[in-house]
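Trainee: Protein chains in written order, with this note's numbering: chain W, -7 to 505; chain E, 25 to 211.
Hints may contain errors.
As the list claims (entries may be wrong) - To give a feel for the contact side, a few chain W residues facing chain E, derived at Cβ under 10 Å:
| id | residue |
| --- | --- |
| 1 | L241 |
| 2 | I245 |
| 3 | T247 |
| 4 | A384 |
| 5 | G389 |
| 6 | A416 |
| 7 | L422 |
| 8 | C456 |
| 9 | L481 |
| 10 | S482 |
If you're looking for bench data, these hints aren't it; they were derived computationally from the structure.
Glycine residues also receive a C-beta, built at the ideal position from the N, C-alpha and C atoms.
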Amino acid sequence: MVDGVSRMACVRVEALAAAALERCEPSLREQPLAVVTGTPPAKRVVEANARARAEGVHPGLTEAEAVVRCPALVRRAAFAEAEAAARHALLEACLSVSPRLEDAAAGVVHVDLRGLRRLYGSDDEVGRRLRRQARAVGLDARVGIGASRAAAAVAARVGPPVHVLPTATERAALAAIPLTTLEWSEELGATFARWGLVTLGDLAALPRHGVGARLGPRGLAAHDLATGVDRAPFRPWSPPPCWEDAQGLDWEIATLPALVPVLQGVLERLLARLTLAHLVVDALDVRLALASGGHHARSLALAVPLGEVAPIVALLALELESHPPAVAVTGVALSAHVVARPTAPGGLWQPPVPAPRDLATVLARLTRLVGPANVGSPVVVDSYRPDDHVLAPFDGGARASDTAPERPQDHDAATETAAPGPNAAGQLALRRLRPPRRVEVDTHDGRPRRVRDPLGLDAAVEICAGPWRSSGHWWDTDAWACDEWDVELSDHIICRLAHDRLTHTWLLTAVYD
Amino acid sequence: MLVDRLLRQGAITELVGPLSSGRTSVVTLCLRAITRRGALAALVDVDHAFDPASAAEAGVDLRRLLWVRSEGRRRAALKAVDLLARCPGFALVALDVGESPPRLPLSAAFRLRQAARRSRIAILVVGARRVVGGAATLSLQTRRDGLAWLGPHHVPRRLAGMRTGLQVLRKQGAPARVESERLWWTA
Chain W
-7 MVDGVSRMAC VRVEALAAAA LERCEPSLRE QPLAVVTGTP PAKRVVEANA
43 RARAEGVHPG LTEAEAVVRC PALVRRAAFA EAEAAARHAL LEACLSVSPR
93 LEDAAAGVVH VDLRGLRRLY GSDDEVGRRL RRQARAVGLD ARVGIGASRA
143 AAAVAARVGP PVHVLPTATE RAALAAIPLT TLEWSEELGA TFARWGLVTL
193 GDLAALPRHG VGARLGPRGL AAHDLATGVD RAPFRPWSPP PCWEDAQGLD
243 WEIATLPALV PVLQGVLERL LARLTLAHLV VDALDVRLAL ASGGHHARSL
293 ALAVPLGEVA PIVALLALEL ESHPPAVAVT GVALSAHVVA RPTAPGGLWQ
343 PPVPAPRDLA TVLARLTRLV GPANVGSPVV VDSYRPDDHV LAPFDGGARA
393 SDTAPERPQD HDAATETAAP GPNAAGQLAL RRLRPPRRVE VDTHDGRPRR
443 VRDPLGLDAA VEICAGPWRS SGHWWDTDAW ACDEWDVELS DHIICRLAHD
493 RLTHTWLLTA VYD
Chain E
25 MLVDRLLRQG AITELVGPLS SGRTSVVTLC LRAITRRGAL AALVDVDHAF
75 DPASAAEAGV DLRRLLWVRS EGRRRAALKA VDLLARCPGF ALVALDVGES
125 PPRLPLSAAF RLRQAARRSR IAILVVGARR VVGGAATLSL QTRRDGLAWL
175 GPHHVPRRLA GMRTGLQVLR KQGAPARVES ERLWWTA
């Protein structure tokens, strides 16, 4: 392969619907499997794996006929979400090799190999890599490589699992392939046989317009395949923002311990795909199909992006334990919102921080212990309203990582220079009373003189300073206006009193400590 | 530095004192020192009394602080501290037990110390009275030594600052350089 010369690969998974089920239940690979659809007695086979096809089971047979031909046949209902997930998994596996690919059909991906020689080596190497990546997401694929998508598609259907058409003799290699090795419609195959065509070379030798006039668009497509010419433009595929995987169940699951292994299997497949794309999960949507016909949906926002199965399964189990489905589950679908995998845990001189996995688990347990509204990182709101703050999700200091931490010697220097007084250790802290305690205050010349409340507080004001007047949101329903005083009480407590000018009440809002 | 003398990896430091004695200011000072170095700190707050505004003003990097509020549930607060003490990576886990803390069972206190030792986390317990007992490596008491107002005495303009005296109550295995001392806080 020479860089700059067009080389295309076709990655093909036979019988994708059956392959999708085998991906969900790997033990099915060892058995003849048929995917059936419809309602009895009109159930028909729509897909069959290689073992079943070898026994004579093919799409279109009724279920009864298929069982007669292959008594050991395992039958599974078609599960569209699992098939869609397998299709996406194949695309994502190819995306990890080349950024330019086309979703040609269910289970067929065209990959542009231009420029990959420097990364992976020869066509054979690239083909093997594509096959390996497909196997990593649970799919057994055949790979054909040629100068065009049509040639690659033919190569992927015949010959060894990784079939590279040599550049110099590609036309000759294509021409020698028998027509019977490719899948044609029954009518088209009969026409080719009647015309006496045996190989692709025979079909390619016919004039294209003549084939088109007699056989229509299907004939033209067959002729293009035989000549190895691409007529349609390349339609690049880009990954969706959400990555999904799913599994249908032939049985109903009513308990969480039984559901967890199923969730784990789906999650393992999803994370295998994300790993290939160097992505991690930021948030996860769970959609459980219920026996009643409805769905049970939950969203799980992770404290930190994760790419490991065990902690996410633990968090999912906790979430479903808190919000269990009302009836038994018949299908599981996971949809992941992803972010790029962080390249490094932190700077060389930064102190150690908890591993994302440990931090996520601890935050989830803390949230369960004290509630989601009570765990987080405090953020002071830019407002004059006293004690105006919110809790933001704790991200382990990721938001702060863009600012370089102080080294110990810097810190000493900063303490010395930033200290307000010559020997000040720091700033006097406040302890808030939430909600503020309502008190009765005797005043003299508008200044507090005595503070008392029904809970037993009765103290004279020794010294007071103030008032500091503030107000805000007067244009809205949550208007506020207060005068604040710093007072030292006779019981040696230094506190902050606030006089609400809207309700004319006194509040004990904080204590200096 | 004072904070390095007060806190030790894998050990429990206990800070007790009445209201307005400066104990919360000492906790804020520790949080400031830890977070400004780029390390992570956690504060388990039983009485929901932590004031983010004054902490930010004191220099605490709030983005590196995990605030857990137990809304008065002391058992939940102790469980939260136990969880955090088993998560290596936090440099400091502070527990503010508030004004009427029940005494921690000695076995639970020693288990907490063992967890902190394994995770190499410094634990700071602060409250009105001692709750950890013999599991604390260092116990200190805060008392108010002085108060300063700016302006004339009868109508002061504002609170200027407060002096806190630190007295060592218990020192087991702690460095010898930990001694009683006085700290000045500006308001």
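Trainee: The structure should be examined with respect to each hint, and the outcome stated for every one.
Mentor: Quick rundown of the hints versus the structure:
1. L241: violated, 35 Å
2. I245: Not OK, violated: W/I245 not within 10 Å of chain E, min 30 Å.
3. T247: violated, 27 Å
4. A384: Nearest chain E Cβ about 8 Å off; hint holds.
5. G389: holds, 4 Å
6. A416: holds, 5 Å
7. L422: It holds, given that the least Cβ distance between W/L422 and chain E is near 4 Å, below 10 Å.
8. C456: holds, 8 Å
9. L481: holds, 9 Å
10. S482: violated, 12 Å
Hint compliance for this structure: hints 1, 2, 3 and 10 are not met, and every other hint is.
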